[in-house]
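**Q** Given the sequences, and given the hints that come with them, work out the whole structure.
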Amino acid sequence: MQKVGIDIKKLYPKTNQTSEGYARSSKGLADWIWKNYGEPQKISVQDFQKNAKNMKGIFYELPNEGGIGHIDVIDKGAVGSGFYAAKEVWFWPMDDC
Numbered sequence: 017m018q019k020v021g022i023d024i025k026k027l028y029p030k031t032n033q034t035s036e037g038y039a040r041s042s043k044g045l046a047d048w049i050w051k052n053y054g055e056p057q058k059i060s061v062q063d064f065q066k067n068a069k070n071m072k073g074i075f076y077e078l079p080n081e082g083g084i085g086h087i088d089v090i091d092k093g094a095v096g097s098g099f100y101a102a103k104e105v106w107f108w109p110m111d112d113c
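Oh and the sequence shown: position 19 is 35 in the working numbering, straight run, nothing missing.
Just so you know, the hints here were simulated from the structure itself, not pulled from any lab data. Any given hint could turn out to be false.
Unchecked claim - Derived EDC-like pairs (lysine to aspartate or glutamate); straight-line CA-CA distance at most 20 Å:
(1) K66 - E104
(2) K26 - E36
(3) K92 - D111
(4) K43 - E104
(5) K69 - D88
(6) K92 - D63
(7) K26 - D47
(8) K58 - D111
(9) K72 - E55
(10) K103 - D63
(11) K58 - E36
(12) K51 - E104
(13) K30 - D47
(14) K26 - D88
(15) K72 - D111
(16) K51 - D88
(17) K58 - E104
(18) K51 - E36
Remember, predicted model here, so these are calculated numbers, not experimental data.
**A** Structure follows, in structure tokens:
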């Protein structure tokens with residue numbers, strides 16, 4: 017997130033951070049982004065994968081039942097640490113990634 021100018025240590029509530037300054041919960045961070053930056057585009061996994069090469073922004077993978085979510089940055093198909101199984105993707109577009 018720091019790569020796109022979002023300093024979690026300064027903006028995200030300290031009670032929701034690890035001692036290293038990371039968000040404790042991908043869903044908690046996604047909800048916080050929604051509250052502070054607006055509603056995301058909700059897209060299917062298939063559409064996300066099909067259009068990833070043209071996308072720049074932050075995405076959250078809403079997990080399948082029993083799974084864990086993941087939040088990351090995407091810049092024209094390149095993601096920070098990967099894409100995992102999800103039932104839906106929340107996407108916040110950003111011009112400067």
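**Q** What are the numbers of the hints that this structure violates, sorted from low to high?
**A** Numbers 11 and 18, in rising order.
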